[in-house]
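Heads up: the sequence lines are chains L and V, in that order.
Quick note: the first sequence uses my numbering, first residue 1, plus one each step.
Quick note: the second sequence uses my numbering, first residue 1, plus one each step.
Careful, some of the hints might be misleading.
Which copy is meant is left open, so a pair is good if it fits within one copy or across any two.
[Said to hold, decoys possible] Here are the simulated lysine-lysine pairs, PhoX-like style, with alpha carbons at most 25 Å apart:
hint : residue 1 : residue 2
1    : LYS258    : LYS303
2    : LYS3      : LYS314
3    : LYS261    : LYS302
4    : LYS261    : LYS43
5    : LYS43     : LYS258
6    : LYS178    : LYS261
7    : LYS269    : LYS43
8    : LYS43     : LYS266
9    : LYS231    : LYS43
10   : LYS274    : LYS232
11   : LYS28     : LYS261
12   : LYS180    : LYS303
13   : LYS43     : LYS180
14   : LYS197    : LYS261
15   : LYS258    : LYS3
16   : LYS303    : LYS274
17   : LYS28     : LYS269
18   : LYS197    : LYS269
19   : LYS232    : LYS308
No lab work stands behind these hints: they were computed from the structure.
Please read these numbers as outputs of a predicted model, since none were measured by experiment.
Protein chains: 2
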Amino acid sequence: MRKVAIIGAAMTSFGEHWEEGFRDLVVKAGIAALEDAGISGEKIDAGYVGTMSSGRFVGQEHIGALIADYMGLNPIPITRVEGACASGGLALRQGFMAVASGMHDIVVVGGVEKMTDLGVSAVSDILGGAGDQEWELFLGATFPALYALMARRHSEEYGTTEEMMAAVAVKNHKNGAKNKYAQFQREISMEQALSSKVVADPLKIFDCSPITDGAACVVLAPLELAHSFTKKPIEIAASAQASDTLALHARESLTSIKSTKIAAEKAYKMAGVKAEDIDLAEVHDCFTIAEIMAVEDLGFFKKGEGGKAALEGKTALDGEKPINTSGGLKACGHPVGATGVKQAVECTWQLRGECGERQVKNAEIALSHNVGGSGATAVVHIYRRV
Amino acid sequence: MRKVAIIGAAMTSFGEHWEEGFRDLVVKAGIAALEDAGISGEKIDAGYVGTMSSGRFVGQEHIGALIADYMGLNPIPITRVEGACASGGLALRQGFMAVASGMHDIVVVGGVEKMTDLGVSAVSDILGGAGDQEWELFLGATFPALYALMARRHSEEYGTTEEMMAAVAVKNHKNGAKNKYAQFQREISMEQALSSKVVADPLKIFDCSPITDGAACVVLAPLELAHSFTKKPIEIAASAQASDTLALHARESLTSIKSTKIAAEKAYKMAGVKAEDIDLAEVHDCFTIAEIMAVEDLGFFKKGEGGKAALEGKTALDGEKPINTSGGLKACGHPVGATGVKQAVECTWQLRGECGERQVKNAEIALSHNVGGSGATAVVHIYRRV
């Protein structure tokens, strides 16, 4: 397999885009990524796009062809990939394989979702499609409810407190305030987080990621050609994916995401690095408890100590392991299909040293972790400065 | 890139499955394919599944994880791929690349759709998501209407008649009558076809493929390992995909599908064969006019002579170029996401010589052609006996 590099990375701002449609967002991120890579559309050989539920959000499937059309990239093959909220990460993985295999040289990978055109209850219903509809959502469980079960159990087993969860939100809002692409560019206090409205006990509104519109895009090339396009190529040193049961009740544990652990193990092996070598990570904090479990399952902290790590500032920008420098899903926003690609964009920018106020010093190796549903899919990528 | 072979192939019967759900169909096809390959689940390294609109048909996204779960294949990565009615073909292409790249050895590729749980107008609305919703479907065009425009123009330019289109339906029903997996296992007469109800003039009900439930599955392996699993591996000699504009009005021609022509050209080059070398083909006859255009665009017949070829029996089982031996989308049925994989199943069975009454004698090379929407995506595979 050939080595693969990111030669361009860009995103739209995340938020409520009332004056831009699904297509506008896609094109905006795509063109910005091509400009960042310094290449024109004719150089592109193929594309992948992650989107979770465009059929239900905007009535449109066949997003691959739509993007080829609206980006003026016909007749190249562009393929949509879906794995719920991990759709973006899976699209990146397909793009990686297409280049690694030698099938294609220059590949664009996009992620997009336009969620705010519908009301909250419709969105909640659609997001339910990421879980096990027949055993969970049709019976009344919502995603906050599923993660609340995990939070309760985590508290029970490890003494994780509401303050620890709130600390994740406070930290991610602090990072988001330094990111001009973030949906929420403002800090919140611990008190605000703790006194916010309960969504699914013990999760409050500030424990939950928002409903968001947005798109992100990276351009991939074989590493051996990457320096002819950019001075700062970022190698994708590993790409790994794993699965677990769709429904929560069938899992071995409620306090650990098995798919994350397996994907991480594979990724570390593929990249030849260990958890301690990772300088920063974008992890899937759809809820604050999800970030706490992620930093444990990825091996950054011992099981049960993820919440304490946040409370003690270990995952802050200037901590020992900066987590979600972009603001994460919590503050940067979570347009579901775009998130996995946005994580790759943030990692690329960090490793290039372009993150300004939120830059992690001397970052050389980064990791992104994208989860589908309540953990039935997890995908982990590791990036390296070359 | 490594060479890739199909070592197992199976499908459910296509039709109205009132007593089986989406999950049942997937598992049934998957287990049958594993049995056909003579392997157990532990040997599988990864999977891909094509489904067009499970979110709207059955309220469930995240189909990759669902299949890993219900097939007992956790924790391997399974990824859903979507390109409207070409979803199955695109899933096959991703599986092909995953094996070719060396990333995975044994890969399952499934296709599935459960369409009959909803009424016709809901299904029609959902299928609209394969075209350009904003410019076509929201304005009142249905898929039969779009293909009717192509049929009218084809008649105008090349003198294609309603009899010629009906001949496609009569031929495909004749083949379907010999296929125990087909939705319609009965022959129809030219008179029945011509006197059937008009759907979108000049297309009548017998010019249209039906609404169908079903699933299909193939198992892939590196060609070098294939003989250790089966006596009759079938090589996937080529896999090519191309795109065109999503909306019909933006095309250069209404009588030719450009994406088909480009994908076919690439596929012939990749396999080192010519159109005349193909012994049989499964082509995308979502409407009879679509088969007529396909046999022209694939280079089997000169432009404008596809209709005449059907009328003269050239595409019949005993003709010079047997087309849609399975019965095609028309008679075998069209569970949209499953169709591309079912085409691969039929080609495999034909090349293995297992098709009984509908067997094409001495078949050595086969081709499948799967189209998304009105032609915005096309994917062509070429299979060879080894």
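Hint-by-hint comparison with the structure:
In this assembly of identical chains, LYS258 and LYS303 lie within 25 Å of each other by CA distance solely inside one copy; the values are 13 Å within and 55 Å between copies. Taking the shortest Cα distances, LYS3 and LYS314 never come within 25 Å of each other, neither inside one copy (33 Å) nor across copies (48 Å). Proximity of LYS261 and LYS302 under a CA criterion of 25 Å is satisfied intra-copy only: 13 Å inside one chain copy versus 56 Å between copies. In this homomeric assembly, LYS261 and LYS43 come within 25 Å of each other (Cα to Cα) only across copies, at 21 Å, whereas the closest approach inside a single copy is 37 Å.
With identical chains, the CA atoms of LYS43 and LYS258 are at most 25 Å apart between copies only, with a shortest distance of 20 Å across copies and 39 Å within one. For a Cα distance limit of 25 Å, the shortest separation of LYS178 from LYS261 qualifies neither inside one copy, at 30 Å, nor across copies, at 50 Å. Taking the closest pair of Cα atoms, LYS269 and LYS43 come within 25 Å of each other only across two copies (21 Å); inside a single copy the shortest separation is 33 Å, beyond that limit. In this assembly of identical chains, LYS43 and LYS266 lie within 25 Å of each other by CA distance solely across copies; the values are 18 Å between and 32 Å within a copy.
Taking the shortest alpha-carbon separations for LYS231 and LYS43, only the intra-copy value of 18 Å comes in at or below 25 Å, while the best inter-copy value is 43 Å. In the homo-oligomer, the alpha carbons of LYS274 and LYS232 lie at most 25 Å apart inside one protomer (24 Å), although the nearest pairing across protomers, at 44 Å, exceeds that limit. Neither within a single protomer nor between protomers do LYS28 and LYS261 lie at most 25 Å apart by alpha-carbon distance, with minima of 35 Å and 30 Å respectively. In the homo-oligomer, the alpha carbons of LYS180 and LYS303 never lie at most 25 Å apart, since the shortest distance is 34 Å inside one protomer and 55 Å across protomers.
In this assembly of identical chains, the alpha carbons of LYS43 and LYS180 never lie at most 25 Å apart, being 30 Å within a copy and 47 Å across copies at closest. In this assembly of identical chains, LYS197 and LYS261 lie within 25 Å of each other by CA distance neither inside one copy nor across copies; the values are 32 Å within and 58 Å between. In this assembly of identical chains, LYS258 and LYS3 lie within 25 Å of each other by CA distance neither inside one copy nor across copies; the values are 28 Å within and 33 Å between. Proximity of LYS303 to LYS274 under the C-alpha cut-off of 25 Å is restricted to the intra-copy arrangement: shortest distance 17 Å within a copy versus 60 Å between copies.
Taking the shortest alpha-carbon separations for LYS28 and LYS269, neither the intra-copy value of 36 Å nor the inter-copy value of 35 Å comes in at or below 25 Å. In this assembly of identical chains, the alpha carbons of LYS197 and LYS269 never lie at most 25 Å apart, being 42 Å within a copy and 62 Å across copies at closest. Taking identical chains as interchangeable, the C-alpha atoms of LYS232 and LYS308 are never at most 25 Å apart, the minima being 36 Å within one chain and 58 Å between chains.
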